[in-house]
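*Asks:* As a plain string of letters, each chain reads:
Number of protein chains: 2
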Amino acid sequence: MLRHDAGLYPPGVEPRDWGPDDVDERHQDPHASADLQGDVAKIFRAITKFEAIIRKRVVAFFLSGAGVITNSELMTPLRVAIVGFGTVGRSVARILIHGVSGLRLTRVFNRNVNRKRVDWVPASVSWTETIDDVFSPDVDVVVELVGGTDPAFEWMRRALSKGKSVVTANKQVMARHGLELFELARANGAQLGFEASVAGGIPVIRGIQEGLGGDELIRVQGVLNGTCNYILSEMASSVVSFETVLADAQARGYAEADPAVDLDGFDAQAKLAILSAVGLRRRVEPTTIPCRSIRGLVTADFDAARELGRAIRQVSVAERVKNGSGVRAAVGPAMVRLDSRLAQVAGSENVVVVDGVRGGQTAFVGQGAGGDPTAVAVVSDLLAIASGNSRMITHAFPVVGSDHRVVEMGAQPHYLRAAGGDEAERRLTEFGVVGAQRLDAVDNELLMVTDPCTTEAIEKSMNKLTNDEAVRVLAALPLVD
Amino acid sequence: MLRHDAGLYPPGVEPRDWGPDDVDERHQDPHASADLQGDVAKIFRAITKFEAIIRKRVVAFFLSGAGVITNSELMTPLRVAIVGFGTVGRSVARILIHGVSGLRLTRVFNRNVNRKRVDWVPASVSWTETIDDVFSPDVDVVVELVGGTDPAFEWMRRALSKGKSVVTANKQVMARHGLELFELARANGAQLGFEASVAGGIPVIRGIQEGLGGDELIRVQGVLNGTCNYILSEMASSVVSFETVLADAQARGYAEADPAVDLDGFDAQAKLAILSAVGLRRRVEPTTIPCRSIRGLVTADFDAARELGRAIRQVSVAERVKNGSGVRAAVGPAMVRLDSRLAQVAGSENVVVVDGVRGGQTAFVGQGAGGDPTAVAVVSDLLAIASGNSRMITHAFPVVGSDHRVVEMGAQPHYLRAAGGDEAERRLTEFGVVGAQRLDAVDNELLMVTDPCTTEAIEKSMNKLTNDEAVRVLAALPLVD
Numbered sequence: 000m001l002r003h004d005a006g007l008y009p010p011g012v013e014p015r016d017w018g019p020d021d022v023d024e025r026h027q028d029p030h031a032s033a034d035l036q037g038d039v040a041k042i043f044r045a046i047t048k049f050e051a052i053i054r055k056r057v058v059a060f061f062l063s064g065a066g067v068i069t070n071s072e073l074m075t076p077l078r079v080a081i082v083g084f085g086t087v088g089r090s091v092a093r094i095l096i097h098g099v100s101g102l103r104l105t106r107v108f109n110r111n112v113n114r115k116r117v118d119w120v121p122a123s124v125s126w127t128e129t130i131d132d133v134f135s136p137d138v139d140v141v142v143e144l145v146g147g148t149d150p151a152f153e154w155m156r157r158a159l160s161k162g163k164s165v166v167t168a169n170k171q172v173m174a175r176h177g178l179e180l181f182e183l184a185r186a187n188g189a190q191l192g193f194e195a196s197v198a199g200g201i202p203v204i205r206g207i208q209e210g211l212g213g214d215e216l217i218r219v220q221g222v223l224n225g226t227c228n229y230i231l232s233e234m235a236s237s238v239v240s241f242e243t244v245l246a247d248a249q250a251r252g253y254a255e256a257d258p259a260v261d262l263d264g265f266d267a268q269a270k271l272a273i274l275s276a277v278g279l280r281r282r283v284e285p286t287t288i289p290c291r292s293i294r295g296l297v298t299a300d301f302d303a304a305r306e307l308g309r310a311i312r313q314v315s316v317a318e319r320v321k322n323g324s325g326v327r328a329a330v331g332p333a334m335v336r337l338d339s340r341l342a343q344v345a346g347s348e349n350v351v352v353v354d355g356v357r358g359g360q361t362a363f364v365g366q367g368a369g370g371d372p373t374a375v376a377v378v379s380d381l382l383a384i385a386s387g388n389s390r391m392i393t394h395a396f397p398v399v400g401s402d403h404r405v406v407e408m409g410a411q412p413h414y415l416r417a418a419g420g421d422e423a424e425r426r427l428t429e430f431g432v433v434g435a436q437r438l439d440a441v442d443n444e445l446l447m448v449t450d451p452c453t454t455e456a457i458e459k460s461m462n463k464l465t466n467d468e469a470v471r472v473l474a475a476l477p478l479v480d
Numbered sequence: 000m001l002r003h004d005a006g007l008y009p010p011g012v013e014p015r016d017w018g019p020d021d022v023d024e025r026h027q028d029p030h031a032s033a034d035l036q037g038d039v040a041k042i043f044r045a046i047t048k049f050e051a052i053i054r055k056r057v058v059a060f061f062l063s064g065a066g067v068i069t070n071s072e073l074m075t076p077l078r079v080a081i082v083g084f085g086t087v088g089r090s091v092a093r094i095l096i097h098g099v100s101g102l103r104l105t106r107v108f109n110r111n112v113n114r115k116r117v118d119w120v121p122a123s124v125s126w127t128e129t130i131d132d133v134f135s136p137d138v139d140v141v142v143e144l145v146g147g148t149d150p151a152f153e154w155m156r157r158a159l160s161k162g163k164s165v166v167t168a169n170k171q172v173m174a175r176h177g178l179e180l181f182e183l184a185r186a187n188g189a190q191l192g193f194e195a196s197v198a199g200g201i202p203v204i205r206g207i208q209e210g211l212g213g214d215e216l217i218r219v220q221g222v223l224n225g226t227c228n229y230i231l232s233e234m235a236s237s238v239v240s241f242e243t244v245l246a247d248a249q250a251r252g253y254a255e256a257d258p259a260v261d262l263d264g265f266d267a268q269a270k271l272a273i274l275s276a277v278g279l280r281r282r283v284e285p286t287t288i289p290c291r292s293i294r295g296l297v298t299a300d301f302d303a304a305r306e307l308g309r310a311i312r313q314v315s316v317a318e319r320v321k322n323g324s325g326v327r328a329a330v331g332p333a334m335v336r337l338d339s340r341l342a343q344v345a346g347s348e349n350v351v352v353v354d355g356v357r358g359g360q361t362a363f364v365g366q367g368a369g370g371d372p373t374a375v376a377v378v379s380d381l382l383a384i385a386s387g388n389s390r391m392i393t394h395a396f397p398v399v400g401s402d403h404r405v406v407e408m409g410a411q412p413h414y415l416r417a418a419g420g421d422e423a424e425r426r427l428t429e430f431g432v433v434g435a436q437r438l439d440a441v442d443n444e445l446l447m448v449t450d451p452c453t454t455e456a457i458e459k460s461m462n463k464l465t466n467d468e469a470v471r472v473l474a475a476l477p478l479v480d
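Residue numbers (numbering that gives the first Met the number 0), protein chains in the order written: chain A, 0 to 480; chain B, 0 to 480.
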């Protein structure tokens with residue numbers, strides 16, 4: 000055991016015993032033995048980096064004369080490469096060029112980079128369309144903003160493998176391959192920041208993980224897709240069809256030419272998988288979260304919502320299964336109370352609401368998309384890495400154990416619209432879907448609120464009903480508190 | 000300059016140059032020279048601690064074989080002493096005893112400790128009513144939960160002076176003496192966590208400071224006092240007098256026997272000063288923030304709010320003065336739009352809304368008080384310290400420059416109730432307070448919304464008017480967006 004000679008120290012200074020037997024074995028890295036078998040270059044690289052940090056700390060220690068030294072005080076600025084110079088990339092560049100202590104933009108990558116060049120980027124920044132340039136030794140952090148899985152995932156792996164930290168807004172890659180990336184980051188002494196991948200500028204990853212670190216979260220809910228929220232808000236406030244609002248949203252640039260990822264829930268699905276990992280500490284395979292589209296909603300549904308004192312939102316929810324493994328999760332349109340946090344977001348705003356066993360309910364509300372808000376999340380991650388404050392980023396995902404299975408949400412009352420009136424209700428009852436309240440309907444439709452049942456039960460009955468075109472379920476939205 | 004011999008390293012490993020001339024001088028500790036002249040024991044203590052950390056890192060490095068090592072993996076659990084075993088103290092103890100990796104409760108201090116003993120605290124925890132026990136070498140972090148300035152401030156100073164980190168829920172001490180405590184923490188290599196001092200369980204300090212670190216905040220608004228919010232909510236929903244609601248709140252334990260600190264704004268004042276320092280990066284002397292009491296509001300004011308589509312909240316606001324130093328700040332009752340974030344908190348909930356130049360508006364909502372939510376904030380701070388993730392905690396306050404002066408809020412429309420009807424309006428107009436909209440009033444009162452003016456202008460006119468008891472301003476609430 001290493002031990003200080005107490006005689007060396009002036010009175011009142013108690014040298015503490017930090018020998019190897021003090022290291023709590025429960026906290027040892029579970030991947031340690033695998034890493035020890037890793038290649039020599041990797042270990043050497045880590046040692047080099049580690050030695051450099053210690054040397055620098057010693058130098059800075061004597062320069063500052065104090066015991067507390069932040070990395071931002073020690074280090075030359077982190078050299079940042081932006082990969083993908085779209086809306087968010089440009090916003091990040093603008094912030095970095097405006098001057099952020101500890102950060103320096105050195106490279107910008109984009110395909111056909113010449114058409115992306117702008118005159119406000121100083122000459123010291125080099126433009127490239129060769130991705131290999133980004134992995135050169137003069138880059139410390141790669142900001143990945145190309146989106147999509149391919150080739151973004153591969154590029155992030157390459158960066159981390161070379162010991163470069165990665166900051167990303169890529170929800171798809173984080174949701175599907177987060178575990179692998181975190182393991183790669185740990186093995187290579189790199190950091191991985193992904194605040195921007197969920198809810199844009201709202202600091203929900205950091206808020207959940209650090210600010211609520213002392214709590215145990217049991218549920219995460221959110222309105223996570225701005226495009227859906229815009230469309231649903233518009234439909235609620237004006238008597239226009241889904242198709243008209245969608246076309247308008249596309250014309251304004253709020254919706255993609257192919258809006259499926261937004262409308263059918265796959266965007267929110269990936270974000271919810273990330274929130275489940277970070278908040279509930281349970282990883283799930285994102286594609287196993289059931290998604291229901293907001294397509295097919297009509298004016299009558301919004302009228303019914305108003306009648307019920309509710310609003311329609313695309314709601315994402317994930318709950319820990321009590322007393323066992325697994326996560327109850329779903330993404331899709333739901334009716335929320337007008338005074339609920341989920342209702343109180345307009346247009347492209349996002350909200351994330353978490354329930355903790357001790358802290359109760361906490362909500363984070365703000366701009367869920369857009370270049371500048373998302374860039375704030377990216378730069379905040381960069382600052383955390385620059386200040387050495389990013390260890391929790393690397394530990395954001397639970398990296399032990401296998402994925403949790405996703406199970407169906409529990410029984411909830413549903414708003415239900417069906418063709419076939421009384422006949423529809425009679426048949427639904429046969430499938431165990433029982434009406435609790437009839438609402439006014441036009442033509443031969445059935446509008447009602449059901450007794451609590453699962454959305455799946457309604458969908459099953461719907462499958463049977465579709466033999467008869469005249470009798471079928473057209474919309475089924477859970478009533479969420 | 001120190002330089003690696005490149006030949007020592009395998010291909011692909013680039014030793015970086017971290018010599019002393021790489022240390023960016025702009026980031027040097029401004030207190031360095033003062034500290035160098037500090038006493039020898041202090042420097043020796045810092046060196047001891049620093050050496051121990053390095054030694055431990057080296058040991059753990061070879062144990063884990065990876066470059067990324069968190070302090071929680073390295074260290075024996077942080078030994079925590081709770082000072083003040085009230086509601087929050089008990090909640091913190093319960094969480095720690097339930098088991099939090101990296102944290103161990105070792106001591107509980109309280110005056111007359113015997114009447115505080117509970118059987119669910121294990122025998123390994125020692126109870127004491129001697130404060131000196133808390134500063135003994137077997138305590139790493141002191142959790143200060145006694146509240147008030149005296150003796151809490153002195154105890155926090157003693158802990159930090161001995162190199163012990165402090166986690167506190169004490170808004171008064173943080174607001175008044177935060178700067179001194181941070182300097183003491185830095186000089187002694189200790190950390191100072193204060194998430195619990197503002198908005199209870201809502202992770203607003205961490206959210207603003209780290210999650211929005213990449214933004215520049217220009218305004219912070221909040222509903223920060225649960226007692227006021229409870230009273231105002233009750234008065235809005237039932238036709239009972241202020242006195243009745245207050246007595247009820249006191250009976251239920253929502254309000255103190257001496258409610259002045261809550262009602263007259265001094266509680267929120269301290270919290271707002273902390274938010275100004277952390278969010279706007281401008282420290283202010285808390286007592287210079289003008290406070291206006293919620294006492295004196297009557298049913299007619301709530302009726303008028305309803306007529307105007309608004310709610311009455313105790314609002315705290317601080318804004319950077321544009322293009323100059325200074326902070327516009329105020330605490331007091333205001334009328335807020337029903338659909339605003341400030342209106343959407345019920346009972347003892349708190350909300351903090353921040354405006355950033357890039358990220359737009361972000362809101363944090365949750366439980367602003369209570370043992371368990373506040374304990375979550377305390378434990379989150381403890382975890383940050385345990386994981387070595389707390390450097391930003393120490394840098395939370397701007398520790399350079401002097402306090403910013405607090406200046407009056409800009410002109411806003413006000414809701415105004417005055418005795419003396421037309422005569423009151425005529426006289427107010429003489430003082431530049433001009434009515435824009437008359438509201439229905441009973442008796443000989445005047446209820447109106449003014450053109451934009453400062454609250455101070457109304458108060459000045461009020462001072463002149465009070466010569467005449469029959470003609471005086473009884474309530475003046477700014478209309479906040």
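It is worth saying that the hints were derived from the structure and are not from the lab. Keep in mind it's a predicted model, so treat the numbers as computed, not measured. All C-beta atoms, glycine included, are put in the ideal place defined by N, C-alpha and C. Errors might be hidden in some of the hints.
[Said to hold, decoys possible] The following label-pair restraints were derived from C-beta to C-beta distances:
| # | chain 1 | residue 1 | chain 2 | residue 2 | range |
| --- | --- | --- | --- | --- | --- |
| 1 | A | D338 | B | R280 | 58 to 64 Å |
| 2 | B | T286 | A | D338 | 46 to 52 Å |
| 3 | B | R305 | A | T287 | 58 to 64 Å |
| 4 | A | R294 | B | R305 | 35 to 41 Å |
| 5 | A | S100 | B | N113 | 27 to 33 Å |
| 6 | B | P121 | A | S160 | 44 to 50 Å |
[Unchecked claim] Looking from chain B toward chain A, a few residues come up when the C-beta cut is under 8 Å (computed):
| # | residue |
| --- | --- |
| 7 | I201 |
| 8 | R205 |
| 9 | Q343 |
| 10 | G346 |
| 11 | G358 |
| 12 | V364 |
| 13 | A368 |
| 14 | A440 |
*Asks:* Min Cβ distance, I201 of chain B to chain A: is it shorter than 8 Å?
*Replies:* holds, 6 Å
*Asks:* Verify the interface restraint on A440 of chain B: the C-beta must sit less than 8 Å from at least one C-beta of chain A.
*Replies:* violated, 30 Å
*Asks:* Could you tell me whether the CB distance from D338 of chain A to R280 of chain B stays inside 58 to 64 Å?
*Replies:* Since the Cβ atoms of D338 of chain A and R280 of chain B sit about 35 Å apart, the hinted range of 58 to 64 Å is violated.
*Asks:* Cβ-Cβ distance between P121 of chain B and S160 of chain A: within 44 to 50 Å?
*Replies:* At 46 Å between Cβs, range holds.
*Asks:* With chain A as the partner, please determine if A368 of chain B meets the hint condition of a C-beta pair closer than 8 Å.
*Replies:* Constraint on A368 of chain B not satisfied, violated at 11 Å.
*Asks:* May I ask you to test the interface hint for R205 of chain B with respect to chain A, counting a Cβ-Cβ separation under 8 Å as satisfied?
*Replies:* holds, 4 Å
*Asks:* Does the Cβ pair T286 of chain B, D338 of chain A satisfy 46 to 52 Å?
*Replies:* 37 Å Cβ-Cβ, so the 46 to 52 Å window is violated.
*Asks:* That 58 to 64 Å hint for R305 of chain B and T287 of chain A (C-beta), does it hold up?
*Replies:* Hint violated: Cβ distance 48 Å, outside 58 to 64 Å.
*Asks:* Given G358 of chain B as an interface hint, is the shortest Cβ-Cβ distance to chain A below 8 Å?
*Replies:* With Cβ-Cβ at 4 Å, under 8 Å, it holds.
*Asks:* Quick check on Q343 of chain B please, does its C-beta sit within 8 Å of some C-beta on chain A?
*Replies:* holds, 6 Å
*Asks:* At a threshold of 8 Å, is the proposed contact between V364 of chain B and chain A supported by beta-carbon distances?
*Replies:* holds, 4 Å
*Asks:* With respect to the beta-carbon atoms only, verify the hint that S100 of chain A and N113 of chain B lie 27 to 33 Å apart.
*Replies:* violated, 52 Å
The earlier numbered hints that this structure contradicts are 1, 2, 3, 5, 10, 13 and 14.
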